[in-house]
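Here the protein sequences line up with chains F and P, keeping their order. Heads up: the first sequence begins at 1 in the numbering used here, then just goes up one per residue. Heads up: the second sequence begins at 1 in the numbering used here, then just goes up one per residue.
Think of the hints as simulated: they come from the structure by calculation, not from any bench. Honestly, I wouldn't trust all of these hints.
Some, not all, of what chain F presents toward chain P, calculated at C-beta under 10 Å [to be verified]:
| no. | residue |
| --- | --- |
| 1 | 19 |
| 2 | 27 |
| 3 | 114 |
| 4 | 179 |
Remember, it's a predicted structure, so these values are computed and weren't measured experimentally. Glycine included, each C-beta is placed from N, C-alpha and C at the ideal position.
The lines below spell out each chain.
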Amino acid sequence: MQHLLIFSGVCAAAFFLFTYLWPRLMLSAYKRAILHKGFGQGPIAVNTLFTEPQSLFANPMDKSYTGSKLAVTGVNRDTLYVMGWLDLNKEAQVMHVPDMAGSPRSTRVEAGRYYSMQFTDPSKNINFAYVGKRTTGTGAGDYLITGPNWKGAVPQGMKQVSSPNNSVLVIGRVIVKNDSDLPAAYNLSKQIQLTPLSRRQP
Amino acid sequence: MSKFYTYLMGIVGAVCASFLIRLFFFTDLSTRTLRSDILQGVLIGVGLAFVMAQVYGKIKGTKINGWTTMYGCGEPGNGMFLRAAHSWTFLGPINVPEEAMYWYTNSDGTGHTLDGRQNYIMHFPPGQLPPNDAFWSLTMGDAKNHFVPNPLNRYSVSDRTGLVPNADGSTDIYIQNTVPIDRESNWLPAPSGNFILWLRVYIPGAAILNRTYTVPPIVKTK
Numbered sequence: 001m002q003h004l005l006i007f008s009g010v011c012a013a014a015f016f017l018f019t020y021l022w023p024r025l026m027l028s029a030y031k032r033a034i035l036h037k038g039f040g041q042g043p044i045a046v047n048t049l050f051t052e053p054q055s056l057f058a059n060p061m062d063k064s065y066t067g068s069k070l071a072v073t074g075v076n077r078d079t080l081y082v083m084g085w086l087d088l089n090k091e092a093q094v095m096h097v098p099d100m101a102g103s104p105r106s107t108r109v110e111a112g113r114y115y116s117m118q119f120t121d122p123s124k125n126i127n128f129a130y131v132g133k134r135t136t137g138t139g140a141g142d143y144l145i146t147g148p149n150w151k152g153a154v155p156q157g158m159k160q161v162s163s164p165n166n167s168v169l170v171i172g173r174v175i176v177k178n179d180s181d182l183p184a185a186y187n188l189s190k191q192i193q194l195t196p197l198s199r200r201q202p
Numbered sequence: 001m002s003k004f005y006t007y008l009m010g011i012v013g014a015v016c017a018s019f020l021i022r023l024f025f026f027t028d029l030s031t032r033t034l035r036s037d038i039l040q041g042v043l044i045g046v047g048l049a050f051v052m053a054q055v056y057g058k059i060k061g062t063k064i065n066g067w068t069t070m071y072g073c074g075e076p077g078n079g080m081f082l083r084a085a086h087s088w089t090f091l092g093p094i095n096v097p098e099e100a101m102y103w104y105t106n107s108d109g110t111g112h113t114l115d116g117r118q119n120y121i122m123h124f125p126p127g128q129l130p131p132n133d134a135f136w137s138l139t140m141g142d143a144k145n146h147f148v149p150n151p152l153n154r155y156s157v158s159d160r161t162g163l164v165p166n167a168d169g170s171t172d173i174y175i176q177n178t179v180p181i182d183r184e185s186n187w188l189p190a191p192s193g194n195f196i197l198w199l200r201v202y203i204p205g206a207a208i209l210n211r212t213y214t215v216p217p218i219v220k221t222k
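Using the sequences provided together with the hints, build the complete structure.
Here's what the structure looks like:
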């Protein structure tokens, strides 16, 4: 009888633990891909964003980018990817996004190019925030990404994105309208950049 | 892709069930050791968790006209069982439904595996292209979810690839290995073997979010 009780207890614990941890295990593959492997151009440092190269989008059959297979759920020819892994433990990060309309004054949601920056809590595979056309519009902006223990005042002109976890998976998507639009889409994607908060307010 | 998990789920489920029945009803417990209790407890627990996530994913997911999707992915507030089911159905950090919805299929509307030796049509009735405030696309992947080389360098058709509607306002997409005569604009090149399709709708319209929009089936023509 004692054996059955021990077995059942261990079995139940393993059941709940594996169920709870599965999203984290799955996304740890993304963490490895970003921080240790990269997508054909070497590892991507923590708190920096990788921008999918134009050549990879233009020629997805290129064998030199085999690493990128890991980074998407399904084959995608709609958007350029921007990817990064954040560690907010030491300090908050500022994400700058350019004006996606191409004109400096546009703030209307309808006006600009589709893009989205998805912020995922890698311990749960939950998207806790978005910056992008649907949620914040297509104008230029600076977003302060803070961890759960962050205290301070949000600098003027920045909007706060507060993360429930110090680790954050960031996935950005910028639409490519057609082949001739690729350089413009890439140029805008490349301007989505992270800077530590301390370097923004000396 | 999804079939693999279905078979795996069946095997793992059967192994776990037969083990439990043997253990609880047909085992002389005096022969057991603490080590086997713990080791087998972990293995069976993990196995049951996998089966639960697959079954729950099938219950929570929707499969219409051969297309599989799941609502509510990535939403804050989802419980651990739903999160596990989502993370098995889509093996990646996909968008919340308001940002994007995804459908995938490896079979036609009648349940037969998509095969490049056949020709297929996807027919959108007039006004029934996927409603959206951003874009939609239909993307081709081979059986391993890789892009398919083709002479046009065309890996998807979408609202941006110049699809030509029929005279009645409907739209046909020709999914086949060789170019359809006089219909190149609406051709989505398929490989010679099995393949899968992804339908994406970004900032989906209300008809998608309230589940009244139905994705048309892939129909075999030859």
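Structure-based check of all given hints:
| no. | hint | in the structure |
| --- | --- | --- |
| 1 | 19 | holds (5 Å) |
| 2 | 27 | holds (6 Å) |
| 3 | 114 | holds (4 Å) |
| 4 | 179 | holds (8 Å) |
Hint check: no violations occur; every hint is consistent with the structure.
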